[in-house]
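Q: Chain by chain, the residues run as shown.
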Amino acid sequence: MVLTDREIQAVIQSGQIVVEPAPTEDAYGPTNLDLTLDNNIRVWREVKVIGVDQSVCPAAPGYSYNEFVKQYSDPHEIGADGYVLEPRSFVLGWTAESIELPTFARLAARVEGKSSLARLGIGVHVTAPTIQAGFRGPIQLEFCNHGTLRVKIVPGMKVCQLIFEQTLGTAEKGYKGQFLGQAKN
Amino acid sequence: MIKVSTNTVSEGLIPAEKIARVQLADGQIEEVSVSVKDIADDKLIASEIGRREGKVLVELPRESASGRWRVWVNEKAVTAGA
Numbered sequence: 001m002v003l004t005d006r007e008i009q010a011v012i013q014s015g016q017i018v019v020e021p022a023p024t025e026d027a028y029g030p031t032n033l034d035l036t037l038d039n040n041i042r043v044w045r046e047v048k049v050i051g052v053d054q055s056v057c058p059a060a061p062g063y064s065y066n067e068f069v070k071q072y073s074d075p076h077e078i079g080a081d082g083y084v085l086e087p088r089s090f091v092l093g094w095t096a097e098s099i100e101l102p103t104f105a106r107l108a109a110r111v112e113g114k115s116s117l118a119r120l121g122i123g124v125h126v127t128a129p130t131i132q133a134g135f136r137g138p139i140q141l142e143f144c145n146h147g148t149l150r151v152k153i154v155p156g157m158k159v160c161q162l163i164f165e166q167t168l169g170t171a172e173k174g175y176k177g178q179f180l181g182q183a184k185n
Numbered sequence: 186m187i188k189v190s191t192n193t194v195s196e197g198l199i200p201a202e203k204i205a206r207v208q209l210a211d212g213q214i215e216e217v218s219v220s221v222k223d224i225a226d227d228k229l230i231a232s233e234i235g236r237r238e239g240k241v242l243v244e245l246p247r248e249s250a251s252g253r254w255r256v257w258v259n260e261k262a263v264t265a266g267a
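These protein sequence lines are chains H and P, in that order. Numbered by the working numbering, the letters in the first sequence go through residues 1 to 185 in order. Numbered by the working numbering, the letters in the second sequence go through residues 186 to 267 in order.
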């Protein structure tokens, strides 16, 4: 079941979901919570060397995404004037808000785009929308400009939305966690 | 919750994240980008799912670089509590 705005507010108030900084009243929709863009992004470099065939394989033993991303992308801090997503460009970003979904809360979430950006050709995630029960931290976004327009993004803008869903039961790790520290009778 | 020994813990792409590298029971190294809150004393806070033959099935806080959520590690790499 998808949570409505009133239910989202209730679970935040009860501590079942943690959002920092706390969302303002205008961040809610009927069944969603809007999140905003942080000022840190990561811009992939275009790697083009004639005659050299380069590929990346996450399944390779010892593969380090961290080393790869640091070698082939550059950190960039978006100023007040924003950052322009060129057509067919791809950059990593994060939400300004940090989220915690404790496993005991029996909630998971999906990060989804905003139609205000989608209609310009901007996707904010690439087929990985699930925020698992137990997640904590800012949400990484994968910006892809599928359109033909140059689109500017600015820190603090509403950039994505969370849809909260109640899970059927508690995940294994949450179930075991409930009994940690309890004495055996 | 449990704590899993790490080979290294390094800075993530943003201040709110760390990169932890964990040695698996088969010797492979698994890398996972996590919240700074998932690291304590250079150990990774994770969840135990099960145990078998000296190994612990651990659920990572996030999907690893190779796409895994659950990995087998040696019991010696695991301590109780978080």
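Calculated from the structure, these hints are not laboratory results. Be careful, since some hints might not be right.
Unchecked claim - List of simulated lysine-lysine pairs, DSSO-like, C-alpha gap at most 30 Å:
{"#": "1", "chain 1": "P", "residue 1": "K222", "chain 2": "P", "residue 2": "K261"}
{"#": "2", "chain 1": "H", "residue 1": "K158", "chain 2": "P", "residue 2": "K222"}
{"#": "3", "chain 1": "P", "residue 1": "K228", "chain 2": "P", "residue 2": "K188"}
{"#": "4", "chain 1": "P", "residue 1": "K188", "chain 2": "H", "residue 2": "K158"}
{"#": "5", "chain 1": "H", "residue 1": "K158", "chain 2": "H", "residue 2": "K114"}
{"#": "6", "chain 1": "P", "residue 1": "K240", "chain 2": "P", "residue 2": "K188"}
{"#": "7", "chain 1": "P", "residue 1": "K240", "chain 2": "P", "residue 2": "K261"}
{"#": "8", "chain 1": "H", "residue 1": "K114", "chain 2": "H", "residue 2": "K70"}
{"#": "9", "chain 1": "P", "residue 1": "K261", "chain 2": "H", "residue 2": "K152"}
{"#": "10", "chain 1": "P", "residue 1": "K228", "chain 2": "H", "residue 2": "K114"}
{"#": "11", "chain 1": "P", "residue 1": "K240", "chain 2": "H", "residue 2": "K114"}
Q: What's the verdict on K228/P and K188/P, does the C-alpha distance respect the 30 Å limit or exceed it?
A: Holds, at roughly 6 Å.
Q: Compare the distance between the alpha carbons of K228/P and K114/H with 30 Å, and conclude whether the hinted pair is satisfied.
A: 37 Å, violated
Q: Does K114/H sit within 30 Å of K240/P, going by the straight-line distance between their CA atoms?
A: With a Cα-Cα distance of about 44 Å, the restraint between K240/P and K114/H is violated, given a limit of 30 Å.
Q: With a cut-off of 30 Å on the C-alpha distance, tell me whether K158/H and K222/P pass.
A: 25 Å, holds
Q: K188/P and K158/H: Cα distance at most 30 Å?
A: Judged against 30 Å, a Cα distance of about 36 Å means the pair is violated.
Q: Assess, step by step, whether the Cα of K114/H is no farther than 30 Å from the Cα of K70/H, and give holds or violated.
A: 29 Å, holds
Q: For a C-alpha distance cap of 30 Å, please report whether K158/H and K114/H respect it.
A: The hint holds at about 8 Å.
Q: Holds or violated: are the alpha carbons of K261/P and K152/H at most 30 Å from each other?
A: 50 Å, violated
Q: For K240/P and K261/P, compute the direct alpha-carbon distance and say whether it is at most 30 Å.
A: OK: K240/P and K261/P at ~8 Å, within 30 Å.
Q: Below or equal to 30 Å on CA atoms is what counts here, so check K222/P against K261/P.
A: 23 Å, holds
Q: Would you mind confirming whether the straight-line C-alpha gap from K240/P to K188/P stays at or under 30 Å?
A: Distance of about 14 Å is within 30 Å: holds.
Consistency note: the structure conflicts with the earlier hints numbered 4, 9, 10, 11.
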